[in-house]
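Chemist: Protein chains in written order, with our numbering: chain A, -2 to 469; chain B, 10 to 343.
Note that these hints are calculated values from the structure, not bench results.
Predicted, not measured: the structure shown is a model, and the values here were computed from it.
Even for Gly, the Cβ is constructed at its ideal location relative to N, Cα and C.
Among these hints, one or two may not hold up.
DSSO-like cross-link-like pairs, simulated, lysine-lysine; straight-line CA separation at most 30 angstroms [stated by the list, open to error]: (1) LYS215(B) to LYS186(B); (2) LYS98(A) to LYS227(A); (3) LYS174(A) to LYS446(A); (4) LYS320(A) to LYS423(A); (5) LYS128(A) to LYS375(A); (6) LYS370(A) to LYS242(B); (7) LYS90(B) to LYS174(A); (8) LYS227(A) to LYS333(A); (9) LYS320(A) to LYS174(A); (10) LYS60(B) to LYS14(B); (11) LYS370(A) to LYS186(B); (12) LYS14(B) to LYS372(A); (13) LYS37(A) to LYS55(A); (14) LYS90(B) to LYS375(A); (15) LYS186(B) to LYS333(A); (16) LYS370(A) to LYS174(A); (17) LYS14(B) to LYS370(A); (18) LYS96(B) to LYS60(B); (19) LYS372(A) to LYS90(B); (20) LYS320(A) to LYS446(A); (21) LYS96(B) to LYS56(B); (22) LYS423(A) to LYS406(A); (23) LYS186(B) to LYS242(B); (24) LYS186(B) to LYS406(A); (25) LYS372(A) to LYS193(A); (26) LYS96(B) to LYS375(A); (27) LYS215(B) to LYS193(A); (28) LYS352(A) to LYS406(A); (29) LYS406(A) to LYS56(B); (30) LYS372(A) to LYS333(A); (31) LYS215(B) to LYS242(B); (32) LYS128(A) to LYS352(A); (33) LYS90(B) to LYS56(B); (34) LYS375(A) to LYS174(A); (35) LYS320(A) to LYS370(A).
Taking CB as the label site, the calculated pair distances span [as the list claims (entries may be wrong)]: (36) SER403(A) to THR199(B): 45 to 55 angstroms; (37) THR250(B) to CYS90(A): 34 to 44 angstroms; (38) THR250(B) to GLU331(A): 53 to 63 angstroms; (39) THR193(B) to ASP417(A): 48 to 58 angstroms; (40) LEU83(A) to THR199(B): 36 to 46 angstroms.
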Amino acid sequence: MDGFSGTLRLTDLNDFIAPTQECIKPVKIERKSGKLSAIKITSSGDYAEVDSHGVETKLVKAQITLNDCLACSGCVTSAETVLIQLQSAEELCRVLDENAKVSAAERKLVVVSVSAQAFASLANRYQLTMKECEEKFCGFLRSMGVDRVYDMGAASALALKETQREFVDRYRSGDRKSALPMLTSACPGWICYAEKTHGLFILPFISTTKSPQQIMGSLVKNHLAEHQCKSPSQIYHVTVMMCYDKKLEASRDDFYDDLYRTRDVDCVVTSLEVEQMLEQRNLVLSQCESVPLDRLPGVESSFHAVGGGAGGYLENILSFAAKELFQTEIGPIEYKVIRNQDFREVTISVNGEPKLHFAAAYGFRNIQNIVQKMKRGKCPYDFVEIMACPSACLNGGGQIRPPDPSVAKIWLQNVQQLFDSLDCQKLENVQWVQQLYDAWIGPQDDDRKRLQLLHTQYHSLENKSNALNIKW
Amino acid sequence: MSSLKLLQDLVAHDDRVWCVKWNPTGTLLASCGSDKKIVLWGEEEGKWVAKVHLTEAHERTIRAVAWSPTGTYLASCSFDKTICIWKRDDTGVFGAIATLEGHENEVKCVAWSVSGEYLASCSRDKTVWIWSCEYDDEYDCLSVLHSHSQDVKKICWSPVEDVLVSCSYDNTVKCFKDDGDDWTCTDTLTGHESTVWAVAFDGTGKRLVTCSDDRTVKIWQRFNALDNSASQKPGWHCVCTLSGYHDRAIFDVDWSAIHGAIVSTGADDCIRIFEENLTAQDPLREPEFFAAASMPRAHSQDVNAVSWNPVRGHLLASCSDDGLVKIWTYARPE
């Protein structure tokens, strides 16, 4: 469980087994070769083995300690665990090896999409600029047999665009109490926590817009597939992400296509696993050949959103909403820090009257305060950018670790600087985004395709209060 | 000779009693337990009587209570995952003003910082939480600490600064401090061989006492870089281990800030009091403690908690699985 975000670890994925369920914890059994023997119960109630010479040996009980129990994921979430095993660098290599052996007709198109946060982590680790890192990593993947390597700019742009629209729709819906605050949905650790612990209460407030990873999934398995005249199952889609929790996200049933038996994202590999892949091959990224990234059909340039390592939701939605709802252009955003750097808020006033109240809350402690404020009916915000990791996604659990924990802060600052060195743009200044949207999704009022490709849903998984689970 | 004598049995709980705590002026004793109620005991004409029953705030066992430094607030924590804050109004009546949610399962302990600015809680979910206490009775979560690898049993604050100490089923004791942006674990005290059930500071905040399932009580001392008195490195070090006094798990300890005596109790139903041998004190040597008094079969079942009265130092309260709260008088050695 180590790589997962703290928020996810807190949600009792591995809680105690209920006595009615069968424990699946494997126990090592020492098998001694020898003659057949009998087992008898001694007068003291122990079990003893009796060999052919009549010598009794007391048998040791198989013991399952609490520690075994807590470390075992057999109960509750075995389905999820199996799915996550399909999400590893080994699996990617296995697919590439297999792909190299089959006939051209059977070959899958192997596509890798890389998040900007993962690029920043790799660039920091291998002392490269962002541009160099993109091209070297692309070169490395190509040398392994990957067909296409994309950044996730287009998915990020569409995620922001759709979230802007969703926010304005909610704001105008009139029913502000049940529609706002709108909470972002891009962080799978947060979604998992919300579903497992606050289900029915909190889910209606969470934006239904898919995360950039899952929009990338739709772009690759739908838009790219159509363009290449391939079925979704003929494409193997890998994302390289900052976060282990993204593996859980990709494994959700909501992103599985029954018809083609394929997932929008087949495999998620973290920055940390990429480092291990390189180390296993005795490679340093800087030695790899530079190959420019590919571009999806309709994507004319790279896109990096203003507004930081968490995807720029707060800033892009705020400037759009101010313009759309109040015909106000907002300048540079001034944040007010509440308690700690991971909890900041912004208020936009129109004619001296506060109109839009947005916040960014990162890390479990700040998520907790937002949720509790909402439960008490005292949340003052219209929109909250929520991320489970402290310092948000650049500090994700799947990012490459510093060589020594004592330099963790500087390490993170360097990743941040690399990320900030990207040429950031405001969404509305990028022409091709609207064209791509129109070409792929179709007219704005065609809800069917829009909902299918850009939206998702959430499911309450609150623990049923089972009398057997209650201690004392 | 020192002695420990029973002053009074307090009967009001219908089930095991988990915790007893005196208010800061030593005039009220709060007790709580599996019957889901809190009883406040006060003295009337020399007798301790149940003055208030606080009920209906928790759905399951109330594991612990804690008084704020002013005695205005009482916090209770429960196996129902919540913490309840009670406030005393001008007429002296206590009412529930807030419920703090967030722990994943049983909350084991709560404690207020000496400044009254922070409340801390810990749980079977392995976390320690720090809450801010605002003037308008709003409670915000400041930090969620994942340092322990197992159930966290108890927490306590330093009497002189905002330093929190916790102890756990993972056999360790940990110290936490605010580093400016978040709370971080500054020290991990290892040495106990089993669950550390309780931890308490002395009156100066320079020493800690812990007790464990390993049937020992340990005294820890904090050495600063400037202390050239010992060859110890800066940080917390175990300076004394008291073993052989309890023959079962030791569930609770308390260190009197008034007279410096340590009380311990546990599954052997016995209460023991230890005093420091001050005549032998030598800054270059480790401190010595001796057993000053003991009360075998203080209760008929496990004794879950003990608490020294913070003003009337000779008064000691205890509570047990037998459903009783008891008040004892302790006469110190001559």
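Chemist: If a hint holds in the structure, say so; if it does not, say that too.
Modeler: Structure-based check of all given hints:
no.	hint	in the structure
1	LYS215(B) to LYS186(B)	holds (15 angstroms)
2	LYS98(A) to LYS227(A)	holds (20 angstroms)
3	LYS174(A) to LYS446(A)	holds (28 angstroms)
4	LYS320(A) to LYS423(A)	holds (13 angstroms)
5	LYS128(A) to LYS375(A)	violated (45 angstroms)
6	LYS370(A) to LYS242(B)	violated (45 angstroms)
7	LYS90(B) to LYS174(A)	holds (28 angstroms)
8	LYS227(A) to LYS333(A)	violated (49 angstroms)
9	LYS320(A) to LYS174(A)	holds (23 angstroms)
10	LYS60(B) to LYS14(B)	holds (24 angstroms)
11	LYS370(A) to LYS186(B)	holds (26 angstroms)
12	LYS14(B) to LYS372(A)	violated (50 angstroms)
13	LYS37(A) to LYS55(A)	holds (10 angstroms)
14	LYS90(B) to LYS375(A)	holds (22 angstroms)
15	LYS186(B) to LYS333(A)	holds (25 angstroms)
16	LYS370(A) to LYS174(A)	holds (14 angstroms)
17	LYS14(B) to LYS370(A)	violated (50 angstroms)
18	LYS96(B) to LYS60(B)	holds (16 angstroms)
19	LYS372(A) to LYS90(B)	holds (16 angstroms)
20	LYS320(A) to LYS446(A)	holds (27 angstroms)
21	LYS96(B) to LYS56(B)	holds (25 angstroms)
22	LYS423(A) to LYS406(A)	holds (29 angstroms)
23	LYS186(B) to LYS242(B)	holds (20 angstroms)
24	LYS186(B) to LYS406(A)	holds (18 angstroms)
25	LYS372(A) to LYS193(A)	holds (16 angstroms)
26	LYS96(B) to LYS375(A)	holds (21 angstroms)
27	LYS215(B) to LYS193(A)	violated (42 angstroms)
28	LYS352(A) to LYS406(A)	violated (36 angstroms)
29	LYS406(A) to LYS56(B)	violated (59 angstroms)
30	LYS372(A) to LYS333(A)	holds (23 angstroms)
31	LYS215(B) to LYS242(B)	holds (15 angstroms)
32	LYS128(A) to LYS352(A)	violated (40 angstroms)
33	LYS90(B) to LYS56(B)	violated (35 angstroms)
34	LYS375(A) to LYS174(A)	holds (11 angstroms)
35	LYS320(A) to LYS370(A)	holds (28 angstroms)
36	SER403(A) to THR199(B): 45 to 55 angstroms	violated (21 angstroms)
37	THR250(B) to CYS90(A): 34 to 44 angstroms	violated (53 angstroms)
38	THR250(B) to GLU331(A): 53 to 63 angstroms	holds (57 angstroms)
39	THR193(B) to ASP417(A): 48 to 58 angstroms	violated (26 angstroms)
40	LEU83(A) to THR199(B): 36 to 46 angstroms	holds (39 angstroms)
The structure shown violates the earlier hints numbered 5, 6, 8, 12, 17, 27, 28, 29, 32, 33, 36, 37, 39.
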